[in-house]
Amino acid sequence: MLMLTMLVKIINLHTLKQRLIWLLTALYFAIATTGFAAQEVHSAATNYANSPIVKNDFEWQVMLDLSLVSTPQILTDVKQTEAIDYVHLGLLLDISYKGFFLQSNSRRSSTIIGSGEIGYQLSVQNDWELDLILKTYIDGFDPKEIIRDQKQSIPQLEGLHERGFTDGIALRYSRFFDNSIAYVDLAAALTDKNKQGDYTSGIIIDSFYSYLIPYRNWDIYLGAGLTYYDKSLINYYYGIDVDEVTSARALHNAKAAFRAQLEVYVQYPLSKNWSFNSSVTQTFYSNSIKHSPLVDENKLTQLMIGVLYVF
Amino acid sequence: MYSNISRTLLIIFSFFLSSVKAEDDISLSTNTSFSVQPQQCVTLRQGRNCYATLTIQWQKSTEQSLCLHQVNTKQNNSEKKLFCWPKSNKGETSVLFESSDNLTYQLRTLKDEKLIAETEMVVSWVHKNTARKRRWRLF
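Just so you know, the sequences run in chain order C and W. Its first residue numbered 1260, the first sequence is counted upward by one per residue in this note's numbering. Its first residue numbered 457, the second sequence is counted upward by one per residue in this note's numbering.
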């Protein structure tokens, strides 16, 4: 579904072409330079049964996630109002075959919001990997729906146009260490159509570092992330167009922004199928987002506690 | 009529419970009871060490000097003598379990190491350790 949406967007969009050209050029060089190395490693893998290099195996895992989540919102006066808002039920699916994969990052609390990824392993080495990724990088929001859920008037959101999802096609470089992983996504991203039927494109650079501390039967993950969003994308979400200006919303042109995240995620096995998990994530958005009339808070603390059922 | 059915179900249920209990107390000698609790240790990922504090108890109708042995059948039956009870008809001890393999606990005589009773501590896991998952564990 995500892939189809992306394809439709890409076919209809000309403004993304330039960004895609350099991304694909980078991709070409990545494949060309790593292809030979990958072959070498593959032949080595046949000699060593324990080699971690795997592309062809069919592997899958399905998990059911039931959790309580406190997710403060960046938008002005938007809160979790009912008990059901705190309950999250999700299906996490991981499949990989012949280098293609569909995965959900169950080690990050952002998964709670939903963040499946479709990808292809371009090169898999012992300590690094290069993937092509399709994923939703920014969730959208519908002001009408928010106001209806909040059961109160929010002048800053009243009459505002809907902001759709931003999907991206990215090159992901991952580096594996003994007990940690670092990755960076270089993504050409595309918003949903705006009211004029136009798409907005921009670059997202998303990086994350996760360090695993195994303590007895516990897994403790310490994470830190830094994400850069292009001006055009931030303006699509948090900018105010001329036709959206009201007394509660001044004209606003948003600038490029950063998001920094610090996270602690813990997991503990309860039985062969169940595990307990909990996390706390502190997110900081740069002032360029806070200056928007739609935003009143740029420091958010997300808490999650729940269980995972592994099929 | 209804109470008869309930009584029958209760008896069946009790029989089931007693059979489960009987499995817990594995002994070769009919006059010895030997139990290890818990009997299963669950780790997050296959191949990783599992940690648990085991309570090991035994009881015999006659006094005898017995020793507790830990055997790893996957590692050439490597074994460790953990504890001995001189001349006693019952014993209890706590053992820190730390292994990625199933381990067998055996009660043997101190004098000639004759096997009196044994039970297995089973290690299971939530996530299978496939090659790709070795990377996913961090992700």
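Misleading hints may appear alongside valid ones.
[Said to hold, decoys possible] Derived CB-CB ranges, DEER-like:
1. C:1521 to W:515: 51 to 61 angstroms
2. W:519 to C:1529: 56 to 66 angstroms
3. W:505 to C:1533: 12 to 22 angstroms
4. W:503 to C:1470: 44 to 54 angstroms
5. C:1481 to W:505: 52 to 62 angstroms
6. C:1329 to W:532: 29 to 39 angstroms
[Claimed, not checked] BS3-like, lysine-lysine: derived pairs with alpha carbons at most 25 angstroms apart:
7. C:1531 to W:516
8. C:1531 to W:530
9. C:1357 to W:584
Derived by calculation from the structure, the hints in this document are not laboratory data. All C-beta atoms, glycine included, are put in the ideal place defined by N, C-alpha and C.
Is 56 to 66 angstroms right for how far apart the beta carbons of residue 519 of chain W and residue 1529 of chain C are? Given range 56 to 66 angstroms: violated, Cβ gap about 41 angstroms.
Satisfaction of hint between residue 530 of chain W and residue 1531 of chain C, Cα-Cα up to 25 angstroms: Satisfied, since the Cα-Cα distance of roughly 21 angstroms is no more than 25 angstroms.
Is residue 1531 of chain C within 25 angstroms of residue 516 of chain W, Cα to Cα? Judged against 25 angstroms, a Cα distance of about 34 angstroms means the pair is violated.
Compare the distance between the alpha carbons of residue 1357 of chain C and residue 584 of chain W with 25 angstroms, and conclude whether the hinted pair is satisfied. holds, 19 angstroms
Determine whether the Cβ-Cβ distance between residue 505 of chain W and residue 1533 of chain C falls within the hinted range of 12 to 22 angstroms. The hinted range 12 to 22 angstroms holds for residue 505 of chain W and residue 1533 of chain C, with Cβ atoms some 20 angstroms apart.
Quick check on a hinted range of 29 to 39 angstroms for residue 1329 of chain C and residue 532 of chain W, using CB atoms only. violated, 52 angstroms
Please check whether residue 1521 of chain C and residue 515 of chain W have a Cβ separation lying inside 51 to 61 angstroms. holds, 54 angstroms
Kindly confirm whether 44 to 54 angstroms is satisfied by the beta carbon distance between residue 503 of chain W and residue 1470 of chain C. violated, 20 angstroms
Quick check: does the Cβ-Cβ distance between residue 1481 of chain C and residue 505 of chain W fall within 52 to 62 angstroms? Cβ of residue 1481 of chain C to Cβ of residue 505 of chain W: about 21 angstroms, so the range 52 to 62 angstroms is violated.
This entry does not satisfy hints 2, 4, 5, 6, 7, going by the numbered hints stated previously.
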